[in-house]
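Participant: Quick note: to get my numbering, add 1 to the position in the sequence shown (first position is 1).
Worth double-checking, as some hints may not be accurate.
[Said to hold, decoys possible] Think about it this way: if two alpha-carbon atoms lie no more than 20 Å apart in a straight line, the pair counts; the simulated PhoX-like pairs of lysine-lysine are:
| hint | residue 1 | residue 2 |
| --- | --- | --- |
| 1 | 79 | 33 |
| 2 | 129 | 95 |
| 3 | 33 | 129 |
| 4 | 103 | 79 |
| 5 | 24 | 95 |
| 6 | 79 | 95 |
Everything labelled a hint here was simulated from the structure, so no lab data went into it.
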Amino acid sequence: MGSKEEVKTAPAYTEAVPGPTEKLSIMTAAGKRHDFNVEVVSERETMMQGLMFRSSMPADHGMLFAFPSEGERGFWMKNTYIPLDIVFIGADGKIQNIGYGKPESLETVRSTGPVLHVLELNAGTAEKLGFGPGDVVNHGAFGNPLEE
Numbered sequence: 002m003g004s005k006e007e008v009k010t011a012p013a014y015t016e017a018v019p020g021p022t023e024k025l026s027i028m029t030a031a032g033k034r035h036d037f038n039v040e041v042v043s044e045r046e047t048m049m050q051g052l053m054f055r056s057s058m059p060a061d062h063g064m065l066f067a068f069p070s071e072g073e074r075g076f077w078m079k080n081t082y083i084p085l086d087i088v089f090i091g092a093d094g095k096i097q098n099i100g101y102g103k104p105e106s107l108e109t110v111r112s113t114g115p116v117l118h119v120l121e122l123n124a125g126t127a128e129k130l131g132f133g134p135g136d137v138v139n140h141g142a143f144g145n146p147l148e149e
């Protein structure tokens, strides 16, 4: 419990601080490799927080949600201020589908089938770099670690 004075001066929200990152790459069918620095989240609490309350994210950064098992996934954008590409990835490391997350929307963006991981990137990244369904994501979480 805090004092009334503490409550009056407390900010409406606290901007989330980015965590440590790991390297991840996406290899397109055309053979182009795109590298990203991603925060990997696997605990329920950090997954629920996701990219909430962040006002920006560098172009080559993202967040990888590493689920313990495959399942159909749905994401919403409550308290998320950055428009996002939501990349749904199967256990085989291949992109299944990509959805668009509109800032602060409560509409659920869903996978088109069971996935093991979900990658959030700045909106428009997939289109700009030309990757999509069937392209391969390389990261240790998929058993295909990134080769330098």
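Participant: Each hint should be assessed against the structure and marked as holding or not.
Facilitator: Hints and how they fare:
Simply put, residue 79 and residue 33 have alpha-carbon atoms about 33 Å apart, too far for the 20 Å limit, and the pair is violated. For a cut-off of 20 Å, the pair hint linking residue 129 to residue 95 stands: about 19 Å separates their Cα positions. Proposed proximity of residue 33 and residue 129 is supported: the alpha carbons are some 13 Å apart, at most 20 Å. Pair hint residue 103 plus residue 79 holds up; C-alpha atoms about 9 Å apart against a cutoff of 20 Å.
A distance of roughly 17 Å separates the Cα atoms of residue 24 and residue 95; the hinted pair therefore holds under the 20 Å criterion. Restraint check for residue 79 and residue 95: the C-alpha separation of about 27 Å exceeds 20 Å, so the hint is violated.
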